[in-house]
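Participant: Chain by chain, the residues:
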Amino acid sequence: MAEQKLVTITIDGKAYQVPAGENLVDAARNHADNQIPVFCYHPKMAPVGMCRMCLVEMGTPERDPNTREIVHDEDGNVKVRWMPKLQTACTQTVSDGMYIRTTTDQVADARNNVLEFLLTSHPLDCPVCDKGGECALQDLTMAHGPGKTRMVFSEKMHLDKIVPLGDLIVLDEERCIQCARCIRFQDEIVGDDVLAFHERGRTLRIITKSDPGFDTYFSGNTTDICPVGALTTVDFRFGARPWEMTSVPSIDPWDAAGSNISLDMRLDRDFGGRAMIKRVMPRQNEWVNEIWISDKVRFGHHFTRAEERICAPLLRNNGNLNEVSWTEALDTVAGVLKAANGDIGLIVGSGASNEDLWALRQVVNGLGSERLGAWPVTHTGGELIAQVGVGKGTNLGKLGKGDVVLIVASDIEEEVPIWRLRIKQAHDRGAAVIVANARKTRMDDFASHTFRYEAGKAAHWLADLKKSAPEAAEAVKSAANLIILTGAEGLTLEGHAALMQAAANLLIETGHVGKPNNGLLSTFPGANGVGQYYLGYTPEQSVAMAAKPPKVLLVAQADMLADDPSVAAWLDKVETIISFSMLPDGITAKFAKVVLPIQSFAERDGTFTNGERRVQRFYTAQGPMGWSLPLWQIANRLGEKLGQGKAKLSAAAVMKEIAASVPAFEGMDYRALSKVEKQYPDVGGASDSYYYSGTACKNTGGLGVVIPTAADKGETVKAGEVKLPAVPKAGKGEFVIIPSTRLYNREAQFKLSTVVHPRVMVPFAEINSADAAKLGITSGDVVQISANGGSVRVRANVNGGAPEGSVVLPRHLTDEPVPMAITVGQVSKV
Amino acid sequence: MSLNIIFREKDIPNIREFDVYSKNGGYEALKKALSQTRKQVIDEVKASNLRGRGGAGFPTGVKWSFIPQDNPINYVVVNADESETGTFKDRQIMENNPHQMIEGALICAYAIKAAAVYIYLRGEFWDVAHALDAEIARARKAGLFGPNGKLKDADGNPFKVDIFTHLGAGAYICGEETALLNSIEGKLGQPRVRPPFPANKGGGLYNEPTVVNNVETLANVPWIINNGAEEYKKIGVGSSSGTKIFCLSGHVKNPGNYELPFGVTFRQLLYDYGGGPLNGGEFKAILPSGGSGPILRVTDEVLDTPLTYDDLRKFNSILGSASVIVMDDTVDIVWVASKVTKFFKHESCGKCTPCREGTYWLDKVLDRILAGGGKESDVDLIMSVAKNMQPTTLCAFGEFAANPTIWTINVFPEEFKAWVDGSKKPAEEKAVARPARERVAAAAAPAGD
Ligand SMILES: Cc1cc2nc3c(=O)[nH]c(=O)nc-3n(C[C@H](O)[C@H](O)[C@H](O)COP(=O)(O)O)c2cc1C
Ligand code: SF4
Ligand code: SF4
Ligand code: FES
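One line per chain: the protein sequences are A and X, in this order.
Those letters in the first sequence? Residues 3 to 832, by the numbering used here.
Those letters in the second sequence? Residues 193 to 641, by the numbering used here.
By construction, these hints were calculated from the structure, which means they are not laboratory data.
Here the structure is a predicted model, which means the values were calculated and not measured.
We put the beta carbon where it would ideally sit given N, CA and C, even for glycine.
Check before you lean on any hint, since a few could be wrong.
[Unchecked claim] With a straight-line Cα cutoff of 25 Å, these simulated DSS-like cross-link-like pairs (lysine-lysine) come out:
| no. | chain 1 | residue 1 | chain 2 | residue 2 |
| --- | --- | --- | --- | --- |
| 1 | X | K579 | A | K87 |
| 2 | X | K534 | X | K231 |
| 3 | X | K379 | A | K46 |
| 4 | X | K534 | A | K158 |
| 5 | A | K403 | X | K393 |
| 6 | A | K550 | A | K211 |
| 7 | X | K579 | A | K158 |
[Stated by the list, open to error] Simulated DEER-style distance windows between Cβ atoms:
| no. | chain 1 | residue 1 | chain 2 | residue 2 | range |
| --- | --- | --- | --- | --- | --- |
| 8 | X | H538 | A | L126 | 23 to 31 Å |
| 9 | X | E423 | A | G402 | 50 to 58 Å |
| 10 | A | D447 | X | P339 | 26 to 34 Å |
| 11 | A | H160 | X | P339 | 49 to 57 Å |
| 12 | A | G432 | X | G430 | 47 to 55 Å |
| 13 | X | D347 | A | D77 | 51 to 59 Å |
| 14 | X | D521 | A | H160 | 35 to 43 Å |
| 15 | A | D14 | X | G430 | 51 to 59 Å |
| 16 | X | R330 | A | N397 | 58 to 66 Å |
| 17 | A | S97 | X | Y463 | 35 to 43 Å |
| 18 | A | F155 | X | D521 | 30 to 38 Å |
For reference, chain A alone in the conformation it holds in the complex:
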């Protein structure tokens, strides 16, 4: 990194060297340990100088008008010309020779007075306030405020105390101190400017401008950065006091970005007196999610303790599943496996941890099978990620002017919302964001250029970029840093493989590999899509099993039928299916001979490898549901029964074995993964500092370790052949069906968070208006879409979103599954 220019500023008589250009509040805090109190200032957002809490005395050295020399007094001290009025520190950038005083009476009075003003109309309902105990207003009042009120009236300002800003967030207008942090978060960080001030003066209040209200995937973050308890989530509201909870570091179980979260636990009567997740909070990791998380993980945690969970091993007898002991269940499975003569297949979902993947693989390998299938089979190209994935040291938060992010075939907001959030900000900092898809997606709003190609032809488009989009080719070539991010929307597995290869080739040809902030990313579904590849699982092997079904199939944490209705045909041909599952699904209901209950991410330790190949730990927070066990442990016990060696005692021990056996994980142990370092902004650092960034958690669980790519290690990486796939063509009267992803859906786990239900879309499909006119369909009509032998009924959404001749059909919204990959089918009005 380039040497940073330093300037000298003097705070309360002491000189400090601080980086030029730094905000004064940050500089005082980071270098002089001087906590200038703030309410409206937030280190992630532009200052607005509204609350007036940060007032300080500011001055410059007096200079002789003739010589321009600095004037000294008799004692040799620099004579400072102090400005007559106090200045807001948050709106100042440090400059050489700046003088600041923070301990004078004038400053102390101003702090006291601003607090007194804030408290005049504050309801002071701290005893029942969610923020009580971690409230900036409480803390700063204790530190700088008046001990007594002079505002003696029987009635104070009254405003509405329960204003739902949407289905998820509730505003208490009386508690709001009008700092605009929530509005600015939505405007600046997210780009969904759905909040605003209404009215003026003392009745100035927050409203939502969108319909539905507060329409964004990031609303929960405003409750963290709100300096008071004005914004609460419907999930946590009045749920617990902050000091009653213990924060357990964890990882977003759905997120390819691997957002760091904290599970805030309390022994709770609603959960039989056991430790229960009361709220999910962001955990700071400036490399990964900074201090933000999506609403999906914040509100989607209810499945971990849902009644629907499978709590004991189940064995099928005469068609019915009956509870049995672990011993009986494992003996049965061991017997089945031994009898299979190695004709065994294993399919594991992307929510399984690295330890799970490793332990299961040992069992199968030990029986002579190498058939390790990754699920779902939408994304592929893990080997290319291993070669030219984003370079070690990549930080999306550092992309800016001169850099290019090229997004192809992804609805990134729905697939990996945190990446969308960070790339949007990279765009604000000047990075060129190029979005190419067969249809308009939300990311188009934050794109410098958008391109369209024929559905299914993403790889064709990218492989021939110079012809298909000369402008994009030029931008890519001259980019200072280049990241190519692929999705699999509108693609078959071969289509995505080709797209990944085309992307890798482009990166290699333009020299954008093996360096930080350069390389390949893909929106692998689930938290551990990349981990699957490193531990030997590929979607191609899952596909191969369809062609030649094994005698015995182990299905772990993969709701195969919900993802792809067509698998039923070949699952029927499998003699015995063993399911490792948390919740009942199509496999447990119809196919499994034995169902082994596994634990959720909250009940155990483990690691996930995120899309940037960062291996990150999650920790045990909740006690197990029933007799469920961690997936890796079930595998280990099974191995023990099969004579493959003793079961490991902990996930950490499994990781040791992985590190010893898989080169990518070399040197990784739980201690290395749990290393933390000081991060800026320093949230929750000192005891008084959560007000500085809100209630995001200090990271105590680890920042993770990144697996280097081949290019990182200096190995030569070569472009490969792009095998352009055949593209489905719609015949007469047919449509191309483009399945898409929705962040909020009716997948088995997420469905159990009822608080989010109002925000999950009614099943729908986007239809082009020209097609709709031909079929006599208008928005809201029920249409039947039939493809691959199945059919679903959904509402038509005629909005020009789908290219002519195609329908965009979101997956996981309907009860009956829809096709997983692009295909052709019929559309008719019902």
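With chain A held as given, fit chain X with the ligands onto it using these hints.
Facilitator: Here is chain X with the ligands on its own, set in the frame of chain A:
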């Protein structure tokens, strides 16, 4: 004594019309300015001592000289928000002599190399805006400016600056220049943090360097260009050159706008022009700059004070936009404090804590005093609250809002004392106030209904 630099309609009927204005030397100043260098124009305005008539009295030429001439896009914004209590001069200018303001704005646009002029009018001035639009269209059609402008500047470049009107939505704070800029941009009308100032890159309209001038300020400019700075300086006294329009209201016989040279005294204004006390009462107090400036107790010394920016400082007051509100001895000063505070409470934008909360708090305590429930400590309390507001707010509104409390207590302590020691009771107050309002209501009601 009267000299109509601005109110030329008094000398030339119908000068509001483009043809009449043109025939009477209209737009000659613009042509003259265009034949000079930009620096010459700015220097002339600087030399004239013209100061902003919007309230702050900032030297206009100096303001223009802050604009970076090498910036590709600069703007002129005419502040026609006219919302200071007791101010009603800009409306008269725009209704009766609009082209002079337009011409002044165009001269400014040339001097600072602006791309366009925006006239920001308060929402209630929609009719004024429509009339202005029509006059602007006439002048534009005549090829004086706009896309088909035929005039050429000193470098031979065509002068194509255009002018647009923009209506506000009824908020006092949008007269504050940075809130005004936000409002034009379609944002919430709240002031911006300075620096950057409007004249700086990043601080003006759409982030571009911008001159914001009051209507009256700009209406002076053509005269200065035509007659020269030296002539202009001969009018007025000291650093207060030229004429000023005094908006006289309250308990005088002849309220109205009076264009008079700086230096005229209160006595002349109130008696010679205002015709003396309305109901034969006695003058008691003057708000020389509407609700936002410190109040004065009427004494001979005050009456004989020349009205200039500097002379009012003697009494800790300001001339502001010269909206002179006069009160006779029937007026209760605590009621005045309360009334003006209510205005500020209603108009506070709410962006910063001390003003948002302070105006609310002051109003509540003043209400308590006027309801007869005040204590002596309440007077100390509101003094302290008001003084805590002044040094901590984001914009000058907060300072204005504290003035009524601070200066009514400073200047008329006995009136507060009467309210808090029980010698004055609420009933008396109501008896004075109510009939007046009922009279107005009765007059407004349609007959026979
Ligand atoms: C609260 C507040 C209200 C103001 N209202 C007006 C107004 O209505 N009209 C006006 O011309 N200036 C108003 N001003 C002054 C403007 O901010 C600005 O100083 C002025 O328009 C500059 O023009 P000038 O230099 O020609 O006076 C107001 C200032 C404040 C702080
Ligand atoms: S709701 Fe909270 S974050 Fe939003 S303005 Fe009010 S106090 Fe600030
Ligand atoms: S002083 Fe008043 S008007 Fe000015 S920014 Fe603050 S709240 Fe708004
Ligand atoms: S004004 Fe600086 S922190 Fe609010």
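Participant: Hint by hint, work out which the structure violates, then give me just those numbers in ascending order.
Facilitator: 2, 6, 15 and 17
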